[in-house]
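Visitor: Below, each chain spelled out in residue letters.
4 protein chains.
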Amino acid sequence: MISIDALQRIHAASCSCASDGRVATYIPALARANPQALGLAIVTAEGETLAAGDAWTRFTMQSISKVLALAYVMTERGEDEIFSRVGKEPTGDPFNSIIRLETSAHGKPFNPLINAGAIVVSGLMPGSSPEDRSARFRGFVGTLLGRSDVNKDAEVYESEKSTAARNRSIAWFLKELDILPGEVEETLDVYFAQCAVSVDAVDLARVGAILCADGVDPVGGSRVLASRTARVCKSLMVTCGLYDGSGEFAVDVGVPAKSGVGGGIMATVRDRMGIGVYGPALDDRGNSAAGLDALRRLSDEFDLRVL
Amino acid sequence: MISIDALQRIHAASCSCASDGRVATYIPALARANPQALGLAIVTAEGETLAAGDAWTRFTMQSISKVLALAYVMTERGEDEIFSRVGKEPTGDPFNSIIRLETSAHGKPFNPLINAGAIVVSGLMPGSSPEDRSARFRGFVGTLLGRSDVNKDAEVYESEKSTAARNRSIAWFLKELDILPGEVEETLDVYFAQCAVSVDAVDLARVGAILCADGVDPVGGSRVLASRTARVCKSLMVTCGLYDGSGEFAVDVGVPAKSGVGGGIMATVRDRMGIGVYGPALDDRGNSAAGLDALRRLSDEFDLRVL
Amino acid sequence: MISIDALQRIHAASCSCASDGRVATYIPALARANPQALGLAIVTAEGETLAAGDAWTRFTMQSISKVLALAYVMTERGEDEIFSRVGKEPTGDPFNSIIRLETSAHGKPFNPLINAGAIVVSGLMPGSSPEDRSARFRGFVGTLLGRSDVNKDAEVYESEKSTAARNRSIAWFLKELDILPGEVEETLDVYFAQCAVSVDAVDLARVGAILCADGVDPVGGSRVLASRTARVCKSLMVTCGLYDGSGEFAVDVGVPAKSGVGGGIMATVRDRMGIGVYGPALDDRGNSAAGLDALRRLSDEFDLRVL
Amino acid sequence: MISIDALQRIHAASCSCASDGRVATYIPALARANPQALGLAIVTAEGETLAAGDAWTRFTMQSISKVLALAYVMTERGEDEIFSRVGKEPTGDPFNSIIRLETSAHGKPFNPLINAGAIVVSGLMPGSSPEDRSARFRGFVGTLLGRSDVNKDAEVYESEKSTAARNRSIAWFLKELDILPGEVEETLDVYFAQCAVSVDAVDLARVGAILCADGVDPVGGSRVLASRTARVCKSLMVTCGLYDGSGEFAVDVGVPAKSGVGGGIMATVRDRMGIGVYGPALDDRGNSAAGLDALRRLSDEFDLRVL
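Chains as they are written, first to last, in our numbering: chain W, 26 to 332; chain X, 26 to 332; chain A, 26 to 332; chain E, 26 to 332.
Quick caveat, the hints were computed from the structure, so don't treat them as lab data.
Built from N, CA and C at the ideal position, the CB exists for glycine as well.
Any given hint could turn out to be false.
To be verified - Calculated from the model, a selection of chain A residues having no Cβ within reach of chain E, i.e. all distances over 12 Å:
1) Glu71
2) Gly72
3) Gly171
4) Leu332
Stated by the list, open to error - Within a straight-line C-alpha distance of at most 25 Å, the following computed SDA-like cross-link-like pairs (lysine to any residue) qualify:
5) Lys186/E - Glu106/W
6) Lys133/W - Arg310/X
7) Lys186/X - Pro60/A
8) Lys186/A - Asp203/X
9) Lys186/A - Val209/X
10) Lys133/W - Gly246/E
11) Lys186/A - Glu210/X
Input sequences plus hints: build the corresponding full structure.
Guide: Shown next, in the form of structure tokens:
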């Protein structure tokens, strides 16, 4: 289907779009990213891997980790533990703000991909300490990625931890509502650690491929996620994966995806492939500018749209 | 793929779920619907029609008309006329409330499938009077359905018109924001008229089939909607087609769909089929109880999920 | 206590502040007001009247009518009829917006001096038709003012009626909440009519004097309002009489007052006097710029503050 | 004017109202208060002190401290330092919620008597450490009260500190908005310490008397607050001193006052007296049930209303 030549051609065509974006600057480690970088990777349902450009450059997952954390906690604790505390409904708002938390129809965060919902999910990760919880989550990610060296970027982690007034406000508000399990600072620690896990575009493509096959790893061939878990993740991704660019992305690209301010986007095309993108120059909505362009081209050229 | 026997089997299995719901009672004409009714219809991408149960019972489109109105105004006026006034972003809120309108990031309704957005779309329909606008819209619907007798239910129309305090409040607020074109009462008249258009499950399946083929009518073979128009409709349907049941529906059924309080659901499965459902007994979120059950069974049995 | 010379001196000193404001322009009749006009009037608790400048120029009461409407409906229908539907709590918000109505703790408008609350009060006025209701309200105002020629400004009334999208939105929302008695358009008609009643600064001073004496008319000597009615009016005036300038006014002037966008301010000083002001050039918050300056000077010089 | 006999008579009459309320139970130290307790104290503008019942029982100031903190920081830092960060506008809402903070017209807390505003004021207290800041604030309170033994209740302080999820959420949100000076936990520490300062009803009456004389201590005879400072405090007290009971209190009693969940109410009657009340059994709105009754009786019998 997609040849390496085609992927490289699309990479070449999308590179210039990086100039339309700007790297995140709220913490120094992100601000140092190369704004011109663009990496594209595909892992097909047959287990083949294609890569172009900066596909092996490491970056922090940031919000993409919310999908993996959701999959992890669904696996470890079950669906009910999460969705008794967090909704399953779409929202495309720019900020996952406290005001929305309060106005939710059911007095809980709208879904696990907004910050408030993701913090609750982090609070449900099993373990004896924040370090233990984080390590076990990285172990789970390693299982999906087929590698044992899944690490967090210590500098990003420390920076996030020291500049997270809004997330602290959200977490304490969740505590006030009696939704958040555990100690607030410990849970935030786990949350910052998960956001700081380093991956590359090939890693994201592989997770996307697992989701495209409803939980079976196309590379290794074994089931690594329950089918239901994969479906819940994909459903949420299609409705709120790209902040308030989710609606336009659904029209233009038409596949479930999740972005992070580190520059990554993870996409999944049912029965066909996972796609990983890295491009740290972000558009106004916090999504990789060149990455979005490449996904649009891929979808158009290879008719990836599922909608 | 799906045989008439299979469809009848699913119809039989889902019928009992009607008891879990209740027909809408806010206007008398809806309250008189038979709560046990269930109609299922499929129009395949090849143009074949399958029907079971009350598939030829007429009912009012209600909110399903928002999708058709969007397609119509995109065709007549172009995408920009709509989306300069209304957003394209998901929301799964139970009510399309004024409070959300005000808090939207960009000061406009979130999308054309919530009431506020749909009223703006109605205000953009071309014509010399409310009657003329409504008639032309019904003409457009007739083109999609391949029949010339598309009518509105006069009793439902009159009832809606006389009990629409919330919609009047929304419309005047849109006027205050200078978003709503035309006269408020005239626009509301067009809106109530579109909601009262009568269809059956086979009609809905046929529109779903047109959407599944990105705008080409599988029955007649000709293009009746621009590809882009079909894609915009489907993208919005997948994120906010079933009120605050949209998220669960995406997990359980996994296809774009739109429901109405008349008991209809219109679904579309890319490249494969359109599905129409009629079941006036509604669940707590305003979606057909038996209809949802039938769609779940169809999706599971025939692997319809696109996510 | 205050001599006519002192009042004229303050008038002269405050006149220049009119240049800091601008007349309301949302309807033509208000836009034609003389921006340099300033009228000051005092009616003392002993029944003496002092006037300076444009104290006999007529203008429309606008929001000041909310106090008189409240007093009227308390008199005619009793306190419970109003306060079962409307709160008694302060709010200093700039706009009496629908969003606040929805978020009110008790699901009702905060108080009778914001638009939503005032519209409910208008809906409670007794009478057989909007015209009859309005005429009876003007009759009540005439009783307080001691004159029989209380009229509405027909042009202002018609203009308000044709440009009131926000008030229509509010009224329909109140209808949806089942708070608003009667027909929406009829109630709005009564509301627009009350806002368009013409008075002068001397009239406002006389009403202020009645309030200062807890309901006894200092000029005529007879009780025209129940003591409780006067107290409720004054309490609401002190907390929300000057839109979102209420807080600063309480610090700077320290007496109950109510302003209108027609340029009027009515103030009341317990046991001492009522004050009427007319100055159509408004500050950013919709309060008479020169009028506020004059009230500040009066309060400072004659120690009027009650707080 | 008011004799000790009259005060004792009113004390006797209001005692039974304590049964209508319940002591606060969110921290153990408050829950142990005697629900039947009622103390009344008056300090007149001439410096005379009257006391009845439990007027010398110590309790924690809680929200009443917001007025003293405002007076302190206005004295130490000036009005602009506060009101560039916090509004001066009334609000009678039951909770000083984050949602209101966000929706404030000017992006800042409405006023210094809601929690969000009060925390900002605490953040402006001068000093080298939280302990130093708290000690200096207690020194200021001691100056007003004419005693050097102003202490905080250590148990209440510790309890508040460990159960303050909502206040932590608010404080971090203020930090996110860049409104809050200093370290969040240090500022909260100062805030909890000020709320836990112990006073009795006579103390509150004395502060009320200082405010009634616009800043001059009627007992000692010297000016202890700037006139402007006293006026700002009283203006805010009259509009939002009794949570969402502020509106009714203004009608019924008609004087500036501030309550706390410790059971205290501090009231001030211009040029006449300060009143202190202690009654830990609270009504639904968090105000002393018997205390409110006593203030109503005092106001009626001695015509204290200033409105």
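Visitor: Determine for every hint whether it applies to the structure shown.
Guide: A quick look at each hint next to the structure:
Consistency note on Glu71/A: stated as away from chain E, and its beta-carbon is indeed over 12 Å from all of that chain's, at 19 Å minimum. Distance check for Gly72/A against chain E: the nearest CB is about 21 Å away, which clears 12 Å, and the non-interface claim stands. Consistency note on Gly171/A: stated as away from chain E, and its beta-carbon is indeed over 12 Å from all of that chain's, at 24 Å minimum. The claim that Leu332/A is not at the interface with chain E is violated, since a C-beta of that chain comes within 12 Å of its own (minimum 5 Å).
At most 25 Å may separate the alpha-carbon atoms for a hinted pair to count; Lys186/E and Glu106/W exceed this at roughly 30 Å. Taking the CA atoms of Lys133/W and Arg310/X, the gap is near 17 Å; set against the 25 Å cutoff, the hint holds. Using a Cα cut-off of 25 Å, the hinted pair Lys186/X and Pro60/A is violated, with the two alpha carbons roughly 45 Å apart. As the CA atoms of Lys186/A and Asp203/X are separated by approximately 17 Å, the hinted pair is consistent with the 25 Å bound.
Among the hinted pairs, Lys186/A with Val209/X is consistent with the structure: their alpha-carbon atoms are about 14 Å apart, no more than 25 Å. Distance restraint check for Lys133/W and Gly246/E: the Cα-Cα separation of roughly 56 Å exceeds the 25 Å cut-off, and the hinted pair is therefore not satisfied. Pair hint Lys186/A plus Glu210/X holds up; C-alpha atoms about 15 Å apart against a cutoff of 25 Å.
Going through the hint list in order, the structure does not satisfy hints 4, 5, 7 and 10.
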